[in-house]
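Construct the entire structure; sequences and hints are all you get.
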Amino acid sequence: MRFYRLLLRLYPASFRAEYGDEMCAVFAARRREVNPIALWADAITDVIINAVRVHLSLLQDDLRWAARVLWKSPGFTLTAVLVASLGMGATTAAFTLVDHVLLRPLPFPHPEQLVTLNEIERDGSFEPATPPGFDDWRAMNTSFSSVGAYIGASLPMNLSGGGEPLRPNVIVASADVFKTLEIGPVAGRPLTADDDRDDSSPVALLSTPLANALFGNPTAAIGRTIRLDGRPRDIVGVMPATFVFPFRDADVWIPRRTWGSSRSNHMLGVVARLRPGVSLDQARADMNVVAAQLERAYPKENAGVGIGIQRIRDRMSPRTRMLPLAVLGAAFCLTLIGCTNLASLLFARATGRRQEMAVRVAVGASRERIARQLLTESFVLAITGGVIGLLLAVVVTPWLTRMVPEGLPIGAVPEIDWRVFAFAGALTLVTTIAFGVGPALRLSRGVDLSWLRTRSADGGRSTRLRAALVLSEVIGTVVLLVAAGLLLKAMWRVQAVDTGFRPEGVLTLKTVLPISAPAASRQTFYSRVLADARALPGVTSAAYITFVPMTFASGNFVVTVPGALTEAQAHTRFVTPDFFQTLGIPMLRGRDLDERDDQPTSPPVVVIGRSLADRLWPLQDAIGQTMTLAEVDWQVVGVVGDVAVHGLEQVAIPQAYFPASKVPPGLSFYAPKDLVVRTSGSPIALAPALRRIVHAIDPEQSVSDVRTLEDVVGAQTASRRVQFTVLAAFAAVAVLLAAVGIYGLLSFAVSMRTREVGVRMALGAGRRDVLTMFLRQGIVLGSAGIIIGAPLAYAAGRGMTSLLFGVTPGDPVIYGAAALLAILMTLGGSVRPAFRAASVDPVIAIQSE
Amino acid sequence: MDDVAQLLPLPPVTFHILLALADEDRHGYAIIKEVSLRTRGELTLSAGTLYRSIHRMLEQGLVVELRERPAPEEDDERRRYYQITKFGIEAAKAESRRLEQLVKLARQSGFAPGRA
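For the record, the sequence lines run as chains G and Z. If you're matching positions, the first sequence starts at 4 in the working numbering and goes up one per residue. If you're matching positions, the second sequence starts at 21 in the working numbering and goes up one per residue.
Treat the hints as calculated values from the structure; they're not laboratory data. Please note that the accuracy of each hint is not assured.
Stated by the list, open to error - Straight line, CA to CA, 16 Å or less: simulated EDC-like cross-link-like pairs of lysine to aspartate or glutamate:
no., chain 1, residue 1, chain 2, residue 2
1, G, Lys-513, G, Glu-634
2, G, Lys-182, G, Asp-197
3, Z, Lys-53, G, Asp-197
4, G, Lys-303, G, Glu-634
5, Z, Lys-106, Z, Glu-85
6, Z, Lys-53, G, Glu-25
Next up, the structure:
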């Protein structure tokens with residue numbers, strides 16, 4: 004019997020109270036007649052089925068009731084839905100980002116086994132692998148089932164053979180890459196070890212988008228031929244659309260050829276798959292042994308060189324990892340503020356509805372029923388907000404692309420799927436509980452028939468509770484304001500970093516000549532383009548360089564000083580004369596490269612950046628000294644200012660500039676590609692003329708990446724701008740919500756205390772006293788919020804140090820500004836209610852009660 | 021009452037409960053026994069189904085809960101007795117007419133025995 008009573012608890016309490024005893028009586032009667040097994044089987048199924056049905060029918064009633072009630076107060080409903088959808092939209096979008104970047108398994112079988120390998124240099128920096136290093140690692144390790152390598156940069160190549168010439172990004176990869184990733188093509192075959200042989204016929208794999216663009220569909224591409232940089236290649240396979248490796252912009256994969264044997268040419272990305280059962284630590288120990296063996300075998304090149312292993316998932320900086328989390332935190336803060344506001348709204352409304360509730364209780368509704376109805380109301384609000392929020396998230400998500408780190412082999416646009424829906428659903432549920440349960444319980448528990456008689460009852464407790472809610476809104480707002488302020492200051496600071504060159508007035512574009520082009524024909528091409536470009540009106544100088552600064556990180560080679568132990572890494576670029584003048588890089592000592600250096604018989608010379616000079620010859624003048632690269636000795640003829648070649652936020656490797664006419668055979672990839680032109684007029688206006696010049700010289704030559712150098716530098720802070728915009732938008736919404744919250748609270752307090760105000764004024768209090776009384780209430784709330792919020796903001800700031808670019812999380816100016824804004828917001832919310840209180844007519848106020 | 025039409029067709033359980041209450045007021049278990057008896061054991065209502073139906077029938081005004089109980093010696097304190105209302109009788113009659121029409125149609129089609 005006790006068990007049966009327990010079962011009955013599945014019914015709603017109101018139903019149980021009404022029929023529970025009856026049902027027990029029926030059960031007792033049945034027990035005398037039916038055998039126990041059938042009895043219990045019947046009873047259990049009966050209770051479950053009917054309890055669900057009773058719940059559903061109650062829910063149906065409550066939903067109908069809630070819809071009617073909400074429809075009747077559209078102002079309240081609209082505000083509530085708006086607040087809920089903003090919070091949930093922001094949080095869902097942020098979750099989508101976090102899920103995409105940090106949570107979702109990478110799109111490969113057993114992604115936890117996939118790692119990347121790097122060289123760790125003597126100075127602790129990470130470098131890509133060298134070709135012989137990769138061969139050794141693959142041969143000597145015992146931890147990996149498969150190891151593959153690819154050239155650590157996508158190479159744009161000219162693709163001809165159908166319509167408009169395209170410039171797809173080409174990845175040169177060993178066949179093991181595909182074996183390691185365990186991803187096969189959607190059509191055709193993958194690359195095989197045979198394709199890697201130098202004498203095999205040239206082939207290519209296409210990405211699905213490229214295959215679709217060229218041939219309509221993946222299957223149609225198989226067996227067709229394309230020309231890459233003039234060389235025909237058979238398409239043997241098409242990779243799935245989800246295959247984004249190693250970079251997001253990869254369009255074509257071609258097999259490796261011989262990669263040379265230089266142990267200082269750091270050019271290869273290496274991906275490996277751990278053997279089943281081998282842990283990351285075991286693999287590290289294994290590779291340490293390999294590194295030690297290599298050090299003994301090649302004491303010159305490999306002294307002190309280690310091997311670094313990272314899971315693919317971890318291939319991002321703390322900064323990029325922090326970013327989605329910061330956004331999620333901010334969104335969460337916003338949702339909290341939103342929920343608090345909603346709870347506050349509902350409390351106010353609930354207090355206004357006491358009479359209605361009292362009437363319902365008087366006609367026999369139980370408290371549980373009333374609580375249930377109020378909860379259903381909140382739930383309807385939350386669901387509506389959740390659905391609109393989800394739509395918002397879907398709209399906003401593509402905009403978050405900038406926050407997806409580029410180093411991860413995942414798509415640029417986060418996917419929205421069941422996980423996101425589940426999250427939005429859970430969020431809706433939590434929100435309902437967060438802002439609905441409090442008011443519902445409070446109101447239903449306290450229902451008192453005395454409410455039928457008097458209109459205003461104890462406002463005190465309810466006001467205190469609302470004040471606490473508003474306080475938490477102010478705290479959340481302060482945290483968001485400070486976070487946004489810190490990011491803004493960090494962005495300013497990054498923008499203020501000295502680039503080392505003057506980007507204003509410079510246009511750049513890319514004309515990539517085939518790697519196989521002979522040196523003489525390159526030189527002819529460069530000098531003809533440059534001569535015609537310099538003849539354009541307004542152009543003051545023009546030059547060619549391998550890659551303009553901040554666009555390509557690789558090309559860092561070890562240079563040595565003959566006869567000395569000194570050596571250093573040098574960011575190697577090949578340039579034509581006038582490059583430094585065109586970019587506005589100051590010539591500190593010596594001279595620029597010029598035509599004399601381009602003669603076949605002229606001695607090899609180099610211009611180096613100041614840091615490289617300091618590193619190689621700290622005690623002497625660098626001019627006239629000699630350094631070795633690619634087995635050639637180069638004489639230093641000039642020293643120029645340092646350039647932030649790796650972007651505004653990264654330490655630059657010291658630079659060395661070699662003449663374009665003297666690219667050593669092994670480094671032909673680094674032959675100049677980027678044209679830079681300085682003009683006294685508008686740089687972008689030069690673009691059509693420059694295109695015409697290139698076309699006139701070689702109609703087949705493609706022109707791409709046309710942009711101003713200012714845009715190149717601007718792209719450096721683009722993701723910061725997005726971060727700041729997102730946080731600033733959150734902070735703005737938070738300020739608004741908190742101001743509305745304060746306004747609501749004070750309005751409520753004023754209306755509760757109208758009579759008191761009337762009495763005070765009758766006793767001689769002036770309008771100013773009343774005004775001050777209510778304003779003070781607002782200010783106290785605001786100040787308390789700032790005092791509690793500041794340490795929390797500091798904690799949040801500490802948590803996002805990696806995003807702050809050296810701005811201290813306790814920056815006083817930012818806290819001052821945030822506090823000022825918070826006070827203004829408080830005043831903004833308080834002024835109207837305070838004035839309303841001050842304009843109370845004491846006679847009417849006292850009579851009205 | 022014109023509301024009757026809105027309730028039709030009555031759910032079978034509701035109709036059975038109305039039939040069981042036609043001749044006398046009964047408490048829950050008695051209704052179950054009566055329905056079972058009338059249907060020769062083919063329909064045995066469970067407690068949940070019964071009270072869920074009764075809850076709805078009370079709201080619809082088909083039955084009322086009796087305030088006065090039968091003689092004390094017959095009464096079990098916790099039992100509630102239900103009585104069919106006038107509206108309940110009308111609803112039951114309307115449902116019978118509806119079923120009759122249905123059977124007539126079935127006869128015309130030769131699906132049921134008897135004259136069309």
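Against the structure, the hints:
no.	hint	verdict
1	Lys-513(G) - Glu-634(G)	violated (29 Å)
2	Lys-182(G) - Asp-197(G)	holds (13 Å)
3	Lys-53(Z) - Asp-197(G)	violated (85 Å)
4	Lys-303(G) - Glu-634(G)	holds (15 Å)
5	Lys-106(Z) - Glu-85(Z)	holds (14 Å)
6	Lys-53(Z) - Glu-25(G)	holds (15 Å)
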